[in-house]
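Enquirer: Sequence:
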Amino acid sequence: MPRYKALVIGDDTRSFLATVRSLGRQSIEVHAAPYFMVAPALQSKYITEVHRLPYYLNGGADWLQAIQQLVSAQRFDIIIPCEERSLLPLYKHQHELPSTCVLAIPNHQALDAFFDKLNTRQLATQLDVPVAKGRPLSEHDTTESILAELRLPIVVKQRKSYSWPDLYVRTSVKFIESRTQLDSMLPSLIKGCSDFFFEEIFAGRGLGVSVLCQEGDVLQAFEHHRVHELSGSSYYRKSVPLDPHRLAAVKRMVKAVAYTGVAMFEFKLDEQTGTWILLEVNARPWGSLPLPVSLGVDFPYQLFTLLVLKTTPPAVAYRPNVYGRNFFPDLWQLRAIIAEPLADKPRKLITVAKWAASFFRPVIGREHHDVFTWDDPRPAWLELKQFVQERRNSPPPRTESVLQRLRFLQRKKQAAIQIAFICQGNICRSPYAQIKASEIFLHDKNRFIFCSAGMLPRNQRASPPHAVDAAASRLVDLRNHRSTHANEDLIKNSDLFIIFDKKNYDSFQARYPERVNDVFFISDAVEITPKLKIIDDPDGLSIEIFQKTYLEIDGFLYQILSEIEKS
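Under the numbering used here, the first residue of the sequence shown is numbered 1, with each subsequent residue one higher.
Keep in mind that the hints are not guaranteed to be accurate.
[Unchecked claim] DMTMM-like mimics (lysine to aspartate or glutamate), calculated; alpha carbons at most 20 Å apart, straight line:
(1) Lys533 to Glu400
(2) Lys251 to Glu229
(3) Lys445 to Asp554
If you're looking for bench data, these hints aren't it; they were derived computationally from the structure.
Construct the complete structure from the given sequences, taking the supplied hints into account.
Expert: Structure below.
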């Protein structure tokens with residue numbers, strides 16, 4: 001029997017890890033293409049190999065070439081994207097990849113219906129599936145016209161969670177509780193009115209109906225209800241029997257678009273009245289996936305069976321009232337509830353008591369952990385280690401100054417030394433430092449080459465006006481600067497990296513852990529100080545903050561120059 005190979009794109013401990021384990025337990029060779037190379041999920045014993053794909057930028061030529069080469073070399077039987085940032089590029093370039101590799105992506109009708117929330121609402125309305133009262137935003141709207149139809153409080157949503165060209169920027173939901181809030185927000189919303197719509201808030205408990213479908217027919221279904229819920233998210237849920245009315249609604253919607261694949265339909269239920277509404281659809285692996293997988297409703301392997309083996313998997317029954325928990329996020333939600341200043345003490349005590357009492361469920365076999373499993377414990381241990389490190393907020397290890405490393409490289413390397421200044425967006429600090437360093441070290445241009453980049457996967461952004469003006473006051477011209485992402489070529493060709501704050505360090509380590517020993521804080525210019533000094537990101541702040549930031553950068557660069565000239 002041949003051993004099948006799958007590429008799973010993602011790195012989270014929920015949808016991605018559940019998919020990896022599901023396939024790996026069936027002796028499928030699983031490869032991973034993560035965004036962050038130090039993600040706990042990558043410690044799974046079921047991952048055979050990890051591949052770092054470039055981000056999809058500048059039309060995606062580098063991404064497409066990399067995935068074409070990877071698929072051709074590895075001969076994957078299936079690629080499963082676990083979120084839109086990978087699903088949308090796969091959909092766009094599906095006909096440019098080998099036809100022997102199955103892509104677990106929706107058809108055109110499903111993509112249009114389920115990845116656009118306004119289209120989802122419209123399809124649901126056509127099929128008599130209840131949704132919250134709402135309306136799209138129009139360029140002629142006023143506060144009065146909106147409030148004539150909708151009752152405060154309301155939410156404003158963007159149609160898509162991810163979209164071109166800013167594929168790596170997730171949109172957010174904004175709550176509007178007063179007329180004053182709506183007045184202040186409306187002018188900016190109207191500028192992009194075609195992307196926004198309003199909904200009244202529907203109070204209730206969140207729940208999901210998950211399905212596996214084949215050409216519009218539901219082959220497998222599962223329902224869960226949220227137990228702990230805060231600000232629209234939940235990390236503790238339980239299995240419940242399928243509600244026939246909600247399942248019928250889901251069946252009508254998948255039938256309408258002839259959907260093939262897995263999906264989770266998110267609803268809200270008013271438990272007092274029994275009324276419910278559809279919120280949105282996740283037509284790819286979803287966050288609560290570990291619960292059905294732990295109960296034998298093995299959606300990822302069922303999907304593999306359907307798409308690769310061309311076999312219709314049989315439906316599986318499941319136990320109700322079994323719980324699934326993602327421990328650390330759930331703990332953090334409890335902490336947030338306790339910290340609420342307006343919450344009364346009795347409510348806090350009841351919340352803590354219920355949370356503590358829930359820990360008897362694993363003992364009696366009625367709770368599963370999203371991350372920890374006995375057959376694959378390593379992701380949970382790394383998650384615990386990272387959780388402790390984040391809470392301690394200890395500074396990164398610092399053993400060398402920039403000057404010490406430069407002197408070492410000068411002795412070791414005959415060619416020019418390439419120094420990359422790295423910040424988050426490459427629009428404020430790093431481009432200024434690059435240009436300033438090039439001027440300061442002008443007489444050493446044969447010894448040093450300077451470049452800059454940002455860790456955020458976004459290119460061609462201009463520096464903000466305050467950055468341009470503050471830089472100009474120090475004779476640095478940022479008017480024509482456009483941001484560059486710190487891609488693999490830049491990382492490979494640079495000898496050392498100078499950063500400004502701990503966020504830069506964490507982002508660099510997450511993406512390029514193999515080069516983290518070549519990363520230095522600019523404040524460690526000539527010596528390691530007892531306390532790490534950081535230069536915060538001035539983006540969005542006053543011009544005075546920008547001027548102070550650039551003055552600090554100049555000071556550290558001149559320190560390095562002074563010491564180099566002595567040697």
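Enquirer: With reference to the structure, classify each hint as holding or not holding.
Expert: Consistency of the hints with the structure:
1. Lys533 to Glu400: 15 Å, holds
2. Lys251 to Glu229: 27 Å, violated
3. Lys445 to Asp554: 18 Å, holds
Of the numbered hints given earlier, the model fails hint 2 alone.
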